[in-house]
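Working from the sequences, and respecting the hints, build out all of it.
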Amino acid sequence: MTSQSHFVEPPPLAVRLVTLFAPDREAESILGDLLEEFSLLASKSGAPFARRWYWRQSLKTILQLAVLGFRTAPWLTTVAVVGGFFLRKVVGRLVSPTLFAVLERYQVYEHHFSMYIFLFSTGFDVGQAIAALFVGFMVALVAKGREMVATTMLSLTFGAMMVVVLPVLVTHEGYGIALSRAMWSFSDSLAMVIAGAVVRTRRLGVATRHQQA
Amino acid sequence: MADRDYLGEFEHIIVLALLRLADQAYGVTVRQEIELRTKREVSIGAVYATLDRLEAKGYVKSHRGDPTPERGGRAKRFFRVTAKGIAAVSRTHRALESMTEGLGFIRSYS
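Chains as they are written, first to last, in numbering that gives the first Met the number 0: chain A, 0 to 212; chain B, 0 to 109.
There's no promise every hint is true.
[As the list claims (entries may be wrong)] In silico lysine-lysine, DSBU-like type, Cα no more than 30 Å apart, as pairs:
1. A/Lys59 to B/Lys38
2. A/Lys143 to B/Lys56
3. A/Lys143 to B/Lys60
4. B/Lys56 to B/Lys38
5. A/Lys88 to A/Lys143
6. A/Lys143 to A/Lys59
7. B/Lys83 to B/Lys60
8. B/Lys83 to B/Lys38
9. A/Lys59 to B/Lys56
10. A/Lys59 to B/Lys60
11. B/Lys56 to A/Lys43
Think of the hints as simulated: they come from the structure by calculation, not from any bench. Just so you know, these numbers come straight off a predicted model, no measurement behind them.
The following block contains the structure:
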């Protein structure tokens with residue numbers, strides 16, 4: 000039992016999330032501390048208990064690290080989030096003209112009518128998701144070391160705006176359309192966080208290689 | 000002004016834990032010491048966020064230990080209280096003693 004428990008791994012997703020949110024200089028010690036206590040708990044109380052403990056600790060720790068990340072660089076994070084907000088508005092307006100220009104250029108209406116219908120409806124939403132991903136990358140590149148905090152704050156801002164607007168959408172456009180727009184809006188928010196995670200992972204990889212060299 | 004600062008409640012608890020643990024004070028032992036004595040669940044993130052703040056104020060210092068296998072090859076980060084930190088904890092303690100003096104605090108509210 001003890002020897003088996005000793006090799007139990009903590010939940011990989013929780014480890015990944017802590018790694019993404021932890022500041023560079025804290026990540027090693029925080030992950031080491033969590034693993035040390037996890038191994039001890041796994042051998043004493045079993046793997047399921049230890050895994051629940053790890054998740055609980057990780058979620059609380061991520062919240063604390065997000066606050067710490069913002070507090071240690073409030074201006075950088077705020078500038079990245081506010082800049083990202085306005086960039087999203089600008090880039091979002093370009094999606095529709097770009098899509099129509101492409102449809103016009105390749106005469107999709109005449110040659111591929113079913114594709115035209117798809118691009119005309121879903122293509123716009125996909126374009127907005129790609130725009131959100133682009134904005135997420137820009138915000139993460141600016142907010143160096145706080146990529147996850149900045150992109151999460153930005154996505155929560157847009158998410159909160161959608162929640163506020165949702166009852167109005169339901170009243171004016173009906174339940175089905177409102178739900179569809181809400182889903183696409185939350186997808187856009189998720190795309191921003193994914194972009195933050197990609198940039199953070201890339202920077203962590205570069206930092207690790209730099210340390211090893 | 001900064002030198003006259005008092006410690007916040009959790010900062011006070013963390014500094015006392017560091018003083019108790021002496022040269023064995025790192026994330027795990029600090030967290031466990033606080034849980035053991037205060038009977039409240041503390042996250043490792045809260046411990047590090049507070050230690051980071053205390054280090055920025057010059058109340059604690061940290062250094063890295065050697066990587067160990069039970070930590071997946073990761074090093075421990077040990078903390079110790081500086082002279083400035085000891086002065087801050089003493090000041091806070093005196094202020095609390097002064098505020099509770101004559102209240103029959105232990106008898107009436109425990």
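Consistency of the hints with the structure:
| no. | hint | verdict |
| --- | --- | --- |
| 1 | A/Lys59 to B/Lys38 | 17 Å, holds |
| 2 | A/Lys143 to B/Lys56 | 24 Å, holds |
| 3 | A/Lys143 to B/Lys60 | 25 Å, holds |
| 4 | B/Lys56 to B/Lys38 | 28 Å, holds |
| 5 | A/Lys88 to A/Lys143 | 22 Å, holds |
| 6 | A/Lys143 to A/Lys59 | 23 Å, holds |
| 7 | B/Lys83 to B/Lys60 | 11 Å, holds |
| 8 | B/Lys83 to B/Lys38 | 28 Å, holds |
| 9 | A/Lys59 to B/Lys56 | 24 Å, holds |
| 10 | A/Lys59 to B/Lys60 | 24 Å, holds |
| 11 | B/Lys56 to A/Lys43 | 38 Å, violated |
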